[in-house]
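Novice: Generate coordinates for the entire structure from the input sequences, incorporating the hints supplied.
One-letter residues, chain by chain:
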Amino acid sequence: MIGADITMKFPLNSNKGISTLAVIISLLVIVLLFLMPNYVKSTYILHIMILIFINIVMGSSWNILGGYTGQYSVGHSAYFGMGAYTTLILMQFRQIPPWYGVWAGMLAALVTALIIGSICFRLRGPYFVLASIAVAEIFRVSALILKDITNVFEGTLTTEIPPLTINGTVITDFSSKVPFYYTGLVFVLIVILATWLIQHSKLGYFFQAIREDQDAAHSLGISMTLYKNTALGISAILTSLSGSLYALYVGFIDPTTVLSLELSVSIVLICIIGGIGTIFGPIIGALVLVPLSEALRSNMIGQSLISSGLVSAESKFGNFLTENLSHAHVLIYGILVVVVILFMPDGVLGFFKALSAKKRKETA
Amino acid sequence: MNIFIQSLISGILIGGVYALIGIGLTIIFGVMRVINFAHGDLLMLGMYGTYYLFTLFNIDPFVSIVFTIPLMFLYGGFLQKFFINRVLGSLPQNQILLTIGMGLIMSNVVMLAFTSDYKILSTTYSSSSVSILGISISSPLVISFAITAAITAALYWFLLKTDTGQAIRATAQDREAAQLMGINVKRMSIIAFGLGSALAGTAGALISPTYYIFPQVGSIFTLKAFVITVLGGMGSIVGATLGGILIGVAESIGGVYFGSGWKEVVVFVLFLLVLLFKPAGLMGKSNT
Amino acid sequence: MKRIAAAVMVFSLALPGAALAAKVKIGFVNSITGPEAPIGENLTNGVILALEDLKKKGIEVDLVKEDDTGKPEKSMAAFEKMATRDNVAGVVGPYTSATANAVAKLAEKYKTPLLIPVASKDEITRQNLKWTFRLSATTYDYATILIDMATSLGKPKTMAIINENTDFGTSGAKSAKAYAAKRGITVVAEESYAKGSPDYRGTLSKIKSKNPDLVFMVSYVADAILLMRQSREIGITPQAFLGAGAGFATVAFAKEKDISSNVFSSTQWTGDVNWPGAKDFDKRYRAKFGKEPTYHAATAYESMMIMAETAAKNGGDREKTRAALKSGHWDGIMGEVKFLDYEGYTNQNKHQMLVEQIQNGVHETVYPTKYVSKKPVYPFPGWKK
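Chains as they are written, first to last, in the numbering used here: chain A, 5 to 368; chain B, 276 to 563; chain C, 2 to 386.
Because the hints were derived from the structure by calculation, they are not lab data.
Some clues are possibly wrong.
[Unchecked claim] Calculated pairs, EDC-like style, for lysine to aspartate or glutamate (alpha carbon to alpha carbon, straight line, at most 16 Å):
no.: 1; chain 1: C; residue 1: Lys75; chain 2: A; residue 2: Glu298
no.: 2; chain 1: A; residue 1: Lys181; chain 2: C; residue 2: Asp54
no.: 3; chain 1: C; residue 1: Lys292; chain 2: C; residue 2: Glu320
[What the hints assert, rightly or not] Label pairs and their computed distance ranges (CB to CB):
no.: 4; chain 1: A; residue 1: Asp219; chain 2: B; residue 2: Thr398; range: 54 to 60 Å
no.: 5; chain 1: C; residue 1: Thr370; chain 2: B; residue 2: Val341; range: 51 to 57 Å
no.: 6; chain 1: A; residue 1: Gln99; chain 2: B; residue 2: Ile418; range: 55 to 61 Å
no.: 7; chain 1: B; residue 1: Phe332; chain 2: C; residue 2: Glu337; range: 50 to 56 Å
no.: 8; chain 1: A; residue 1: Leu150; chain 2: B; residue 2: Gly364; range: 43 to 49 Å
no.: 9; chain 1: C; residue 1: Lys196; chain 2: B; residue 2: Phe332; range: 28 to 34 Å
no.: 10; chain 1: B; residue 1: Ile418; chain 2: C; residue 2: Thr370; range: 42 to 48 Å
no.: 11; chain 1: A; residue 1: Ile194; chain 2: C; residue 2: Gly316; range: 46 to 52 Å
no.: 12; chain 1: B; residue 1: Arg361; chain 2: A; residue 2: Ile28; range: 39 to 45 Å
no.: 13; chain 1: C; residue 1: Glu337; chain 2: B; residue 2: Thr398; range: 55 to 61 Å
no.: 14; chain 1: C; residue 1: Lys196; chain 2: B; residue 2: Ser406; range: 55 to 61 Å
no.: 15; chain 1: B; residue 1: Ser406; chain 2: C; residue 2: Gly362; range: 35 to 41 Å
Note that this is a predicted model, so its numbers are computed, not measured.
Where a beta carbon is used, it is the ideal one built from N, C-alpha and C, also for glycine.
Specialist: And the structure:
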């Protein structure tokens with residue numbers, strides 16, 4: 005029977021069951037997150053949390069295709085952009101509220117994914133990577149050129165989002181950040197649930213088989229086309245969710261922000277830093293990247309170094325810090341990528357797992 | 276008809292520079308199977324080097340390649356020895372990400388050091404041209420085409436006639452066999468990356484009198500370089516040469532007949548078609 | 002008693018500073034770094050000079066400066082911070098059309114007056130926004146003045162348009178096309194390009210083959226230089242090269258004498274125009290910063306002056322400031338300024354555009370005639386070999 009053959013060749017490497025402690029802690033964290041806006045009023049912290057949520061969704065959705073199925077797409081911005089543009093266009097021009105528009109976005113992303121898959125999945129490894137980049141670039145350049153059309157769709161006032169009413173009572177009119185916070189949190193939960201379900205299902209099993217050894221899996225009867233495209237489809241749909249949320253929250257999109265190679269690279273980065281192919285990897289990745297990037301942009305690091313006395317504000321180094329550190333954030337990204345690939349290719353999670361495995365070996 | 280010939284010729288001339296970039300990338304891939312995403316940034320470093328040699332020491336860009344070549348060669352070797360070497364056995368995806376990271380570091384360090392202001396290198400001949408039969412041919416581009424041809428010829432001689440060159444080709448053909456034959460493949464990798472970097476830097480130097488210089492200029496050329504090498508066949512120098520010229524022409528003619536904005540799309544679509552129907556490229560061998 | 006009161010009154014009138022000493026918090030968002038940084042620098046410098054002059058008038062400006070690196074999301078984040086955390090009375094900036102458009106919507110949301118100095122995309126002030134004001138003329142005006150000038154100097158019948166596909170470029174091209182139609186000029190070629198291409202020769206030879214009387218271009222600096230270099234190579238010789246501001250108005254472009262000579266550029270301001278204080282501003286700027294000010298500097302200066310004075314007069318109250326901006330009227334280095342609603346525009350100043358021509362590596366004002374310092378050279382005399 006196929007299943008047995010496969011299990012012999014590809015032992016499942018997912019955890020047999022998470023410890024009850026982990027479950028309790030996770031539930032606790034979720035409850036706290038839901039309660040947070042009641043106690044934390046700072047719009048700035050809410051803003052950072054929303055960005056973290058969007059990044060987690062971005063990373064986790066990519067994870068399904070890249071981490072579990074081993075197909076490294078560096079063109080995921082295409083799906084992000086599709087979600088963003090579709091939702092915004094429908095809202096501005098057909099006055100379709102985003103809670104319906106989001107579905108249209110997901111559909112658009114799915115269709116895009118199937119088209120892209122049919123082109124790119126014939127290729128393997130590095131060629132697949134290149135093809136995914138090329139396709140995303142075609143999208144971006146086309147959007148730029150068709151600016152006459154897309155230009156009008158560039159942005160929207162959040163006051164243009166119709167108020168959410170259920171049975172006549174207004175739940176929110178989107179004037180504060182709180183509704184975006186909760187939406188983000190819900191999306192995160194959806195994505196994590198999806199990842200967990202996949203990891204513990206036969207589907208995920210086949211995905212990982214493809215990742216480990218594509219030819220062997222194929223010879224055992226696993227359909228490459230079916231499963232690769234399924235992974236891509238799921239990944240694309242979830243990525244478009246993050247795109248739609250981003251568009252509605254920030255209120256401004258253009259091809260350079262939502263369809264760029266830089267975005268695709270950061271999506272991959274989130275996963276790699278945390279640890280690919282794990283549920284918590286993207287979460288850790290987002291938790292590292294978002295605050296770091298924000299701290300750099302707003303010059304927090306420079307300021308705190310100075311105010312803590314480590315660096316004098318007058319010194320050349322101090323001046324250099326205040327002037328330049330905020331623009332160094334992409335530089336830090338680059339350094340992070342290099343360091344992670346060279347020293348922590350399995351990401352932060354993998355790094356710590358290996359460390360604890362070593363420790364266990366030593367004490368044994 | 277005139278427009279067609281005009282765009283054909285300017286496409287060929289600029290294709291020469293593209294070819295140089297492609298050849299560098301293809302050597303790196305051929306010998307190490309590494310897809311170097313930082314290739315365009317190496318070109319960018321060549322441009323900045325040329326710019327400063329010109330503005331500070333008044334050295335003509337075409338003359339300054341005498342400095343650019345060895346400097347970039349050493350730099351490339353350094354990068355290979357300390358960074359790329361460590362991931363030669365890893366997943367190709369990791370290699371790609373590493374080079375992406377290195378590229379980001381290079382372009383952002385330059386941005387911090389020299390600001391993102393666009394720099395223009397203006398020589399007396401930056402906009403001169405000769406007119407032949409009503410077609411205007413850019414003088415600086417002709418010179419760079421000639422230099423490219425000379426360098427390509429020299430490269431060929433090196434690879435075919437010298438011991439080191441042949442060792443490199445052996446490593447590219449079959450790394451393990453070459454090692455068994457006593458070739459120091461690690462050293463070959465270093466030389467290959469050095470060569471690739473030198474070629475990229477030189478391309479940067481050659482194009483600097485007619486283009487503009489800024490830290491992120493690399494990414495445009497990296498993507499083009501990939502299209503060229505895939506088109507020509509990864510690892511084939513002749514292929515990269517042809518690929519470069521073909522892309523130059525496709526861009527130029529595509530720009531005229533589809534509108535300037537669609538140029539890049541033409542190139543990418545061509546790329547996808549090649550990847551789909553002949554992934555080994557025009558001259559490539561089919562060992563992925 | 003009356004005499005003492007009168008003396009006190011006279012005394013206090015004689016001390017203008019003392020009576021008006023006011024403190025006001027103004028936000029300034031700009032492209033300090035990023036690809037538009039060189040032009041952004043002009044805005045920063047203009048504001049610096051404005052702060053000096055405001056101080057002399059007894060107005061202390063607490064300036065909250067933010068860098069948007071040219072990206073709309075960043076300018077939005079900066080504006081939000083200024084409007085909520087810093088509690089500014091008003092905001093001046095940003096520079097580019099894309100960032101300004103994004104921020105204009107936020108001004109409405111946070112009910113904070115926004116004065117845009119120089120972003121020219123038409124649509125920004127065509128959205129019925131009550132809190133956004135624009136000092137500079139729109140891209141439509143960039144186009145119209147060039148075409149008006151050309152038709153006053155000759156009889157052009159055809160025009161080719163080549164533009165960068167950014168907000169500014171696309172907007173400029175649209176305006177040029179529309180206005181050309183109004184003046185009976187046929188547009189024979191329209192090429193929109195994505196910046197970053199090293200080679201425009203094919204496109205330019207296509208344009209050359211159509212033999213346009215006018216070549217209308219919208220580009221930022223680097224492409225402007227490339228386009229003109231290659232135009233020279235290809236040998237395009239229209240009656241005039243019309244550059245809609247941006248790249249063509251910069252000193253960097255003018256310096257490339259081989260290719261910049263006799264190119265026209267529409268501009269919001271020049272150093273030798275006879276608006277009150279303009280020439281002085283030019284002198285002071287050169288003395289302090291060692292280079293020529295562009296129109297960006299002048300618009301930023303005047304915007305800061307207007308915003309700070311108005312806010313100070315109204316005690317930093319946002320609604321009062323907005324109302325005062327709407328009803329006010331100024332006459333400074335940018336000439337007469339009044340924010341009007343007309344032809345679908347809201348809070349738009351009907352600014353008088355000017356045309357310069359680069360002669361011998363220097364920008365000279367050549368149109369409209371009442372502001373002229375030099376006569377224009379028309380038609381294009383051809384390329385020097």
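Novice: A separate judgement is required for each hint: does it hold in the structure or not?
Specialist: Here is what the structure says about each hint:
Distance hint between Lys75 (chain C) and Glu298 (chain A) is fulfilled; the C-alpha atoms sit about 11 Å from each other, no more than 16 Å. A threshold of 16 Å between alpha carbons decides the hint, and for Lys181 (chain A) with Asp54 (chain C) the separation of about 40 Å lies outside it, so the pair is violated. Our distance criterion of 16 Å between C-alpha atoms is broken by Lys292 (chain C) and Glu320 (chain C), whose separation comes to about 38 Å. For Asp219 (chain A) and Thr398 (chain B), the Cβ-Cβ distance of about 55 Å falls inside the hinted range of 54 to 60 Å, so the restraint holds.
Under the hint 51 to 57 Å, the C-beta atoms of Thr370 (chain C) and Val341 (chain B), about 55 Å apart, fit the expected range. In this structure the supplied range 55 to 61 Å holds for Gln99 (chain A) paired with Ile418 (chain B), their Cβ-Cβ distance being about 60 Å. With their beta carbons about 51 Å apart, Phe332 (chain B) and Glu337 (chain C) fall inside the hinted range of 50 to 56 Å. For the pair Leu150 (chain A) and Gly364 (chain B), the supplied restraint of 43 to 49 Å holds, since their beta-carbon distance comes to about 44 Å.
Checking the proposed 28 to 34 Å range against Lys196 (chain C) and Phe332 (chain B) shows it holds: the Cβ atoms sit about 30 Å from each other. For Ile418 (chain B) paired with Thr370 (chain C), a C-beta distance near 46 Å keeps the hint of 42 to 48 Å intact. One distance hint, 46 to 52 Å for the beta-carbon pair Ile194 (chain A) and Gly316 (chain C), holds here, with the actual separation near 50 Å. A C-beta distance of roughly 41 Å is found between Arg361 (chain B) and Ile28 (chain A), which places it inside the suggested range of 39 to 45 Å.
About 46 Å separates the C-beta atoms of Glu337 (chain C) and Thr398 (chain B), a value inconsistent with the hinted range of 55 to 61 Å. Our hint of 55 to 61 Å for Lys196 (chain C) and Ser406 (chain B) is violated, since their Cβ atoms are close to 28 Å apart. Between Ser406 (chain B) and Gly362 (chain C) the C-beta distance comes to about 26 Å, which lies outside the given range of 35 to 41 Å.
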